[in-house]
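Visitor: Take the sequences, apply the hints, and build the full model.
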Amino acid sequence: MPNPVPAISEAESRVMEVLWRKAPQTSEDIVAAVQQGSDWHEKTIRTLLGRLLGKGAVSAEKDGRRYLYAPVLSREQWQSQESRSLLDRVFGGKLSPLLAHFSEHEKLGAKDVAELRKLLAAIEKKER
Numbered sequence: 001m002p003n004p005v006p007a008i009s010e011a012e013s014r015v016m017e018v019l020w021r022k023a024p025q026t027s028e029d030i031v032a033a034v035q036q037g038s039d040w041h042e043k044t045i046r047t048l049l050g051r052l053l054g055k056g057a058v059s060a061e062k063d064g065r066r067y068l069y070a071p072v073l074s075r076e077q078w079q080s081q082e083s084r085s086l087l088d089r090v091f092g093g094k095l096s097p098l099l100a101h102f103s104e105h106e107k108l109g110a111k112d113v114a115e116l117r118k119l120l121a122a123i124e125k126k127e128r
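With this note's numbering applied, the sequence shown closes on residue 128, and no number is skipped along the way.
No lab work stands behind these hints: they were computed from the structure. Using N, Cα and C, we set each Cβ at its ideal position, and we do this for glycine too. Watch out, some of these pointers could steer you wrong.
Okay, derived cross-link-like pairs now, BS3-like style, lysine-lysine, Cα gap no bigger than 25 Å in a straight line [unchecked claim]:
#	residue 1	residue 2
1	Lys-94	Lys-111
2	Lys-22	Lys-43
3	Lys-55	Lys-43
4	Lys-126	Lys-111
5	Lys-125	Lys-94
6	Lys-118	Lys-94
7	Lys-125	Lys-111
8	Lys-62	Lys-43
9	Lys-94	Lys-126
10	Lys-55	Lys-22
11	Lys-118	Lys-107
12	Lys-22	Lys-62
13	Lys-107	Lys-94
Ranges between beta-carbon positions, derived for each pair [claimed, not checked]:
#	residue 1	residue 2	range
14	Asp-39	Arg-117	40 to 48 Å
15	Phe-91	Pro-4	16 to 24 Å
16	Arg-75	Glu-106	19 to 27 Å
17	Lys-94	Glu-17	25 to 33 Å
18	Arg-65	Leu-95	44 to 52 Å
19	Asp-112	Leu-86	12 to 20 Å
20	Ala-60	Lys-111	38 to 46 Å
21	Gly-64	Ala-114	48 to 56 Å
22	His-41	Leu-116	41 to 49 Å
23	Lys-55	Lys-94	27 to 35 Å
Guide: If you want it as structure tokens, here you go:
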């Protein structure tokens, strides 16, 4: 039975983004990277890193007097969990109401529609 994907908060996902771009990194590197795009304090970022470590979303390996952090949870695993959660919570687990929502409330360009048609064609081909 596969391990469940840990739930990652929006704030924690900002720390994960830093690690998904480059890993392993020290906590100092992570703090500096997150602070570039926010006004978060160092202690807040370190707390988030500790939570992620506790959830098993990141690992820490001792490197001399410091630790190097790396993601255990992949971006793809997180995206899959988040998209499934959104579908279940907001659209009753059905994809067509989600697409209908975007077609009614968002601008779908010709390129978006072409990509959707290509995906649908690939799904239909698999089902045959």
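Visitor: Decide, hint by hint, whether the structure agrees.
Guide: Hint by hint, here is what the structure shows:
Taking the CA atoms of Lys-94 and Lys-111, the gap is near 23 Å; set against the 25 Å cutoff, the hint holds. Of the supplied pair hints, the one linking Lys-22 and Lys-43 holds, its CA atoms being roughly 21 Å apart against a limit of 25 Å. Taken as a hint, the Lys-55 and Lys-43 pair is honoured in the structure, with Cα atoms around 18 Å apart against an allowance of 25 Å. As the CA atoms of Lys-126 and Lys-111 are separated by approximately 23 Å, the hinted pair is consistent with the 25 Å bound.
With a C-alpha separation of about 21 Å, the suggested pair Lys-125 and Lys-94 falls inside the 25 Å cut-off, and the hint holds. Between Lys-118 and Lys-94 the CA atoms are separated by roughly 20 Å; this keeps the pair inside 25 Å, and the hint holds. Proximity of Lys-125 to Lys-111 is assessed by CA-CA distance (about 21 Å); at most 25 Å being required, the pair is judged to hold. At most 25 Å may separate the alpha-carbon atoms for a hinted pair to count; Lys-62 and Lys-43 meet this at roughly 20 Å.
About 20 Å separates the Cα atoms of Lys-94 and Lys-126, which keeps this hinted pair within 25 Å; it holds. Proximity of Lys-55 to Lys-22 is assessed by CA-CA distance (about 20 Å); at most 25 Å being required, the pair is judged to hold. Proximity of Lys-118 to Lys-107 is assessed by CA-CA distance (about 18 Å); at most 25 Å being required, the pair is judged to hold. Using a Cα cut-off of 25 Å, the hinted pair Lys-22 and Lys-62 holds, with the two alpha carbons roughly 18 Å apart.
Proximity of Lys-107 to Lys-94 is assessed by CA-CA distance (about 21 Å); at most 25 Å being required, the pair is judged to hold. One distance hint, 40 to 48 Å for the beta-carbon pair Asp-39 and Arg-117, holds here, with the actual separation near 43 Å. Remark: the range hint 16 to 24 Å for Phe-91 to Pro-4 is upheld by a beta-carbon distance near 22 Å. Remark: the range hint 19 to 27 Å for Arg-75 to Glu-106 is upheld by a beta-carbon distance near 23 Å.
At about 29 Å, the CB distance of Lys-94 to Glu-17 agrees with the hint of 25 to 33 Å. For Arg-65 and Leu-95, the Cβ-Cβ distance of about 50 Å falls inside the hinted range of 44 to 52 Å, so the restraint holds. Checked against the hint of 12 to 20 Å, the pair Asp-112 and Leu-86 passes, with Cβ atoms roughly 18 Å apart. Between Ala-60 and Lys-111 the beta carbon distance is about 42 Å. The supplied range of 38 to 46 Å therefore holds.
For the hinted restraint 48 to 56 Å between Gly-64 and Ala-114, the CB-CB distance of approximately 52 Å keeps it satisfied. Evaluation of the 41 to 49 Å hint for His-41 and Leu-116 yields a pass: the beta carbon distance comes to about 42 Å. Between Lys-55 and Lys-94 the beta carbon distance is about 29 Å. The supplied range of 27 to 35 Å therefore holds.
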